[in-house]
Structures are given as C-alpha cells and as structure tokens.
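Colleague: Here is how the chains run, residue by residue.
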Amino acid sequence: MGDKKLEHVSDLLSPYLDDQVTIAERQAVEGHVRECPQCRLQLDELRNLTAALGSLPARPAPRSFVIGPRAIKPAALSGTPGGLLRAVSSIAASLLFVALSVNLAVRGLPRQAAAISVFRSSEIRPQAAAASGPPLAAARAASSGAPAAAAQPAAASARAVGVGPGTNTPAPAAPAAEPAPPAIGAGTGASPPAASTGAAFSPSIDWPVLATELGLLAIALVAAAYSVRWWRR
Amino acid sequence: MTAAACAGSLAAFNQLVELHQQGVFNVCLRMLGSTTAAEDATQETFFAAYRSVKGFKGGSFRAWMLRIAANQCYDQMRGRQRHPTDWLDEDAPFADPDPQPDAVVLSAEVVKTLEAAILKLPPEQRLCVLLVDVQGLDYDEASRAMEVSLGTVKSRLSRARARLRELLPEDLRLKSGG
Chain U
1 MGDKKLEHVS DLLSPYLDDQ VTIAERQAVE GHVRECPQCR LQLDELRNLT AALGSLPARP
61 APRSFVIGPR AIKPAALSGT PGGLLRAVSS IAASLLFVAL SVNLAVRGLP RQAAAISVFR
121 SSEIRPQAAA ASGPPLAAAR AASSGAPAAA AQPAAASARA VGVGPGTNTP APAAPAAEPA
181 PPAIGAGTGA SPPAASTGAA FSPSIDWPVL ATELGLLAIA LVAAAYSVRW WRR
Chain D
1 MTAAACAGSL AAFNQLVELH QQGVFNVCLR MLGSTTAAED ATQETFFAAY RSVKGFKGGS
61 FRAWMLRIAA NQCYDQMRGR QRHPTDWLDE DAPFADPDPQ PDAVVLSAEV VKTLEAAILK
121 LPPEQRLCVL LVDVQGLDYD EASRAMEVSL GTVKSRLSRA RARLRELLPE DLRLKSGG
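Protein chains in written order, with my numbering: chain U, 1 to 233; chain D, 1 to 178.
Honestly, the hints are just simulated from the structure, not real lab data. Check each hint, because a few of them may be wrong.
Stated by the list, open to error - To list a few chain D residues with every Cβ distance to chain U over 10 Å, as calculated: (1) E109; (2) G136; (3) R161.
As the list claims (entries may be wrong) - Covered stretches of chain U, as calculated for chain D (at least 3 residues, CB under 8 Å): (4) 9-19; (5) 42-50; (6) 57-70.
Here the structure is a predicted model, which means the values were calculated and not measured. Quick reminder that beta carbons are idealized off the backbone N, C-alpha and C, glycines included.
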C-alpha cells in the first residue's frame, strides 16, 4: 500500500515542482510528503536538481555565428539542392530518351532501308545509271571503299538468292547495297518512298555515335550535379 | 526586429543571431557533447533559420529557433552514429578555458558531473531537460520546440529528472543546488 502510494506521488512530483498539477493533485502531493519521508526526500532532491540545472553556467559561443552576405548565396543554393538535381535529372532523362529513340530507330530501320536499297538498286539502278547517277554513285562507292561497279553484281547476286523487299536482309548484303540510296535520292526521279527513306537517314550524321554522345552527356550532367551538391556541403 | 528579419533583412536577422547564438550553441553542445559538432550544428541552424524565416508564423522566436537547432542536432546524431559520451572522452568539450566567474554558481566538479549525466539521457529526454530546466522555456514553448504535446513534455521531463537523480552520485543530490 505504501509503495503504491509512493509511486503514485512520484509521478506527480516533477509537475508539482513546475506548478503543472491540478488543485486536487497539489493537495494530494502536499498531504503525502508530510507523512512520507521517502517522498519528501525525493521532492527535495528534485528541487535541488532543477535548481542546479537552472544554474548551469552557459558556455560562451566560440565565435560569432552572424551570417555574412557572401554566405547567403551558397546557403540559399545548398538549401535547394533538390531543385537543381530535379532540373538536371529532367534534362538527363530527356537526353536519354532521345538517345534511346535514335538508337531504336537506327537499329530497326536500316534493315528495311537496306532491303529496299537492295531491291531498288537491282531494279532501278540500271536506268538510273544510264540517266544521271554515275558520278555521285561512283563517288559514294569510292568513299565506302568498294568500286561502283562491284555494287551492282553484288546486289544482283543478293536478289538471286531470294533477298527482296519483304525479307530481312542478311548482313553481308547490306554493305554491297549501301551506295545505292544516295544515287536514288540524288537525282534519279525514283518513287516517293525511296526519296523519303534517303532523306530520313542522311549519311552525313552518324546516328549510333550521336545516341552514344547524348547518353554520355546525360550521365556527365547527373555526375556534375551531384559533385556540385557534395562540394557545397 | 523579428518582423524586419521575416521581411528579408539580413541585418535584422543577424541581430537575432547575436541574441540567440549562445543559447542555441549551448543546447547543441549539451545535446551533442562536442564543441566542433555543436559549432557546425549552430551554424547550420542559423543558415536554415535564415532560409525559412519568411515562413515564421509568430509566437516564440526562441522556441522556433531551438526547434531548428534540435533538428540539426538529431541530423548530426544520425549522421555520425556515435555515442555522445565517446565524444566527451575524446574532445573534452566541457573544459571551458574561459569561464565567467560571476556566472558560476556550482563548482566545476558539480557542473561536469551534471553535464555528463545529461549526456547519458536518451536524446528526447535530454532535449526536454535542456529546454525547460537549463534554458528556462515554459512547457508551451518546449512543446513547440520539440513539436510534441504538453502532456508529452510533462512526462518526458518527469522521466528525465528521475533518471538524472539516479545518475547523480548520492552525495551530490542534496547539495548540488546549494
């Protein structure tokens, strides 16, 4: 009984010291400590403790923490690293999306383009060569390292083994047919699909390299943003 | 002064810094137990306060500032993952080289014993004792600074004082206050 009473009052001693008890609780504490030497001792010790804590000497600040004008800008920036990182991440994501799209387009379409080229080079090439094609075709063939004359027999042999517009062109047939598209697009007056294919994949742009460069640029941007954030901290 | 600081005046804000820097530093020091860590936390507190002072919605500015300081201290504790008493042993942060004689009421031994005992409290209880008993905030200010209810302040403080009483050597319990 005595222990239970002591425990109950013990819970009230701290708020009693801070005058955070009700009138009834106050009367209960004051009535109890008059009779209980243990609670009275505990109350005295708590009173001394709080007085001692309130008398702890303050340590002087080792320096002034006043904020200088120069410190504001880095502080403001460091306060919004999320904004910087969000912006850079958005740009990087866009670049990666473009790189992926280009990569898919380049990997997916050349087969069709090559197949079309093989078909056309074998079908149209003879007339085109007779009209206005030879100089440009020869130049292209020279730049690709194969003689212009060699392209036609190779294409013809490819058709002979069944390569056509509706089939996936085997890898060896594509290089042989490469010189054809510029010749068609350049001035043969060939059909519209042939012209559009030639325009979409201009030989002056190396699409896989461009896609790789965009991807690397995105990675570099993210790395730079995180470096700046780390450096500012 | 507070209104001018909230309006973006750096000069007004720095006046508030000068007014509160000692209190903030002392809370950080006794929360973290390291002068270096307390210095970092104090500086970060004022940077963070300056960035968000426009959002101050009135009330006790000291409680608002100490709430930021408490959060900085918790961040430091999480980041370092070290027990504060280890820092106490390594850095000896309580050897004050320049005490203020007129402010000293307790003996150096009692001060050191009390501060070491405070560092042994759980962080939430430690903060509660520092805010109410050492810094002299009332329960309402402490509840704002700790972002808890008045009842939580009352119970945390009660447990913290009981624990401190246990931690103090018996011969210091009665004479510690004078």
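Colleague: Look at each hint and say if it fits the structure.
Modeller: For each hint, the structure was consulted:
no.	hint	result
1	E109	12 Å, holds
2	G136	7 Å, violated
3	R161	5 Å, violated
4	9-19	holds (count 6)
5	42-50	holds (count 8)
6	57-70	holds (count 12)
Taken one by one, the earlier hints fail for this structure at numbers 2 and 3, listed in ascending order.
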